[in-house]
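Participant: Each position in the sequence shown, counted from 1, maps to that position plus 6 in my numbering.
None of these hints come from the bench; they were simulated from the model. Some clues are possibly wrong.
Unchecked claim - Below, a list of computed lysine-lysine pairs in the DSSO-like style, where the Cα atoms sit at most 27 Å apart: (1) K127 - K180; (2) K141 - K180; (3) K157 - K182; (4) K165 - K34; (5) K180 - K157; (6) K152 - K165; (7) K57 - K152; (8) K141 - K93; (9) K127 - K14; (10) K127 - K157; (11) K182 - K93; (12) K86 - K68; (13) K68 - K34; (14) K165 - K182; (15) K127 - K141; (16) K35 - K68; (17) K157 - K57; (18) K57 - K86; (19) K157 - K35; (20) K34 - K14; (21) K86 - K14; (22) K180 - K68.
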Amino acid sequence: MNPETLHKQEITDVVQNWAIWRDAGFWKKFLTVWHDDGWMSATWFQGPGHKFVDISRTSFEKGVSILHFLGGISIELSGKRAIAQTKMTISQRAIVDGALVDVLCTGRFYDFFEQRTINGKDEWRIVRRQPIYEKDRMDLLDPGAKLDLDKDLLGQFPKGYQHLAYLQARLGFKIKRDMPELTGPIVQALYQRGQKWLDGDASAFDEPPVEVGL
């Protein structure tokens, strides 16, 4: 296996492990996908990777149902840095406005990777994970049930994750309302930051990120 193929396989393994270990509750393993300064952004949480692990574990133990499914992956390499884009879905089940629903959100994980030496071994881990939210929907589990959403609340959220944000807001989460979608200036700025990362910029962010979460 040539070096480029090997690096891409190692990065792919990290991306796949992220989804499996997080959804299955393998918290010690899940911690190893992040560098120490790794950062996670989501609709309801923005903060260090290790804190995301802790909050995910707490939510998991309380019965919060959020699952991930992965599709194709595209990886750009530049020395010891990489950008990985992975098609994915986020599925969350909860009671909303008195009815049990599933929300399915389709998008991509946009990951800033770096290879660093850890305990004498070169390892690819995540420096920053930024989901891109492309479209979503909400489905009733009971086809005979009725659901009347608050249109004013629903309309406050971006189209790419409108129903996911609605569900999470109803559960008491504070929702970030300027996340990248399929098109628009926010996702274009993310692509530009990704290219700067590959070109050797010092940070995966334009500005120091602000931590927000439960």
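Participant: Where does the structure disagree with the numbered hints, that is, which hint numbers, in rising order?
Facilitator: Hints 1, 4, 7, 10, 12, 15, 17, 19 not satisfied by this model.
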